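Turn these sequences into a full structure, and let the hints guide you.
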Amino acid sequence: PADLQAIIGRVGNRLPSLVRLQAPEEVSIKKALDIGAAGIIAPQVNSAEQAANIVSWSRYSPEGTRGVGLGRAHGYGFAFDDYLARANAETTVVVQAEHIDAVNAIEDIAQVPGVDAVLIGPYDLSASLKRIGEIDHPEVTGAIDHVTEVCQKNNIPLGIFGVTVDAVKPYIEKGFTLITVGVDTVMLGHAARKMLGQIR
Numbered sequence: 014p015a016d017l018q019a020i021i022g023r024v025g026n027r028l029p030s031l032v033r034l035q036a037p038e039e040v041s042i043k044k045a046l047d048i049g050a051a052g053i054i055a056p057q058v059n060s061a062e063q064a065a066n067i068v069s070w071s072r073y074s075p076e077g078t079r080g081v082g083l084g085r086a087h088g089y090g091f092a093f094d095d096y097l098a099r100a101n102a103e104t105t106v107v108v109q110a111e112h113i114d115a116v117n118a119i120e121d122i123a124q125v126p127g128v129d130a131v132l133i134g135p136y137d138l139s140a141s142l143k144r145i146g147e148i149d150h151p152e153v154t155g156a157i158d159h160v161t162e163v164c165q166k167n168n169i170p171l172g173i174f175g176v177t178v179d180a181v182k183p184y185i186e187k188g189f190t191l192i193t194v195g196v197d198t199v200m201l202g203h204a205a206r207k208m209l210g211q212i213r
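Residues 14 to 213 (my numbering) are what the sequence shown spells out, left to right.
It is worth saying that the hints were derived from the structure and are not from the lab. Treat the hints with care, as some may be off.
To be verified - Heads up, simulated BS3-like pairs for lysine-lysine below, C-alpha to C-alpha not over 30 Å straight-line: (1) Lys143 to Lys207; (2) Lys187 to Lys143; (3) Lys182 to Lys207; (4) Lys166 to Lys182; (5) Lys187 to Lys166; (6) Lys187 to Lys207.
Stated by the list, open to error - Pairwise CB distance ranges (calculated): (7) Val178 to Asp121: 31 to 37 Å; (8) Asp197 to Gly84: 24 to 30 Å; (9) Gly84 to Gly195: 15 to 21 Å; (10) Tyr136 to Val40: 25 to 31 Å.
Because the structure is a prediction, the values reported are computed rather than measured. For each residue, glycine too, the CB sits at the ideal point set by N, CA and C.
The structure is reproduced here in structure tokens:
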């Protein structure tokens with residue numbers, strides 16, 4: 014949490030920072046938002062009830078049940094009233110559809126007020142279909158297509174993760190606007206190999 018707060022502090026207001034939670038839990042949401050995140054990405058959201066709870070934990074009363082504290086987001090108390098006045102409207106809630114249960118429940122999840130976007134996790138989704146890593150398998154792509162169709166019908170922005178640019182390009186062409194691409198360790202590995210190749 015301290016490292017996360019330091020990162021968000023250095024970014025400041027130049028870029029909105031979304032924090033992917035370790036688990037879709039109330040305490041994790043409160044910590045992320047109180048340190049100044051513009052929003053949260055909640056993993057493994059597999060039902061409308063889960064999605065509704067996550068939205069509630071991200072909103073102050075009367076729209077939700079978010080706990081009140083004096084963190085970095087509130088200027089440690091000096092910007093408390095200002096933050097409370099705008100927090101509900103400005104906090105982004107992204108839920109991840111990365112399990113077949115989420116795919117089966119996506120029509121209900123899409124109806125939950127306050128869900129700002131759905132981020133598809135193709136690798137976890139493939140694992141839940143017993144096709145681990147086979148993200149191009151028809152069962153996996155069919156599940157992704159279903160989530161895409163439902164979310165676009167309900168005007169919910171879509172996102173997806175891909176290891177390479179080529180992996181996400183087809184989804185950008187389909188109108189996906191939340192794109193997470195690349196893996197830091199893989200990129201470092203490629204850069205190291207390239208450098209070694211130049212030395213040898």
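Structure-based check of each hint:
no., hint, in the structure
1, Lys143 to Lys207, "violated (35 Å)"
2, Lys187 to Lys143, "holds (26 Å)"
3, Lys182 to Lys207, "holds (25 Å)"
4, Lys166 to Lys182, "holds (21 Å)"
5, Lys187 to Lys166, "holds (13 Å)"
6, Lys187 to Lys207, "violated (33 Å)"
7, Val178 to Asp121: 31 to 37 Å, "holds (33 Å)"
8, Asp197 to Gly84: 24 to 30 Å, "holds (27 Å)"
9, Gly84 to Gly195: 15 to 21 Å, "violated (30 Å)"
10, Tyr136 to Val40: 25 to 31 Å, "holds (26 Å)"
Violated hints for the displayed structure, listed by number in ascending order: 1, 6, 9.
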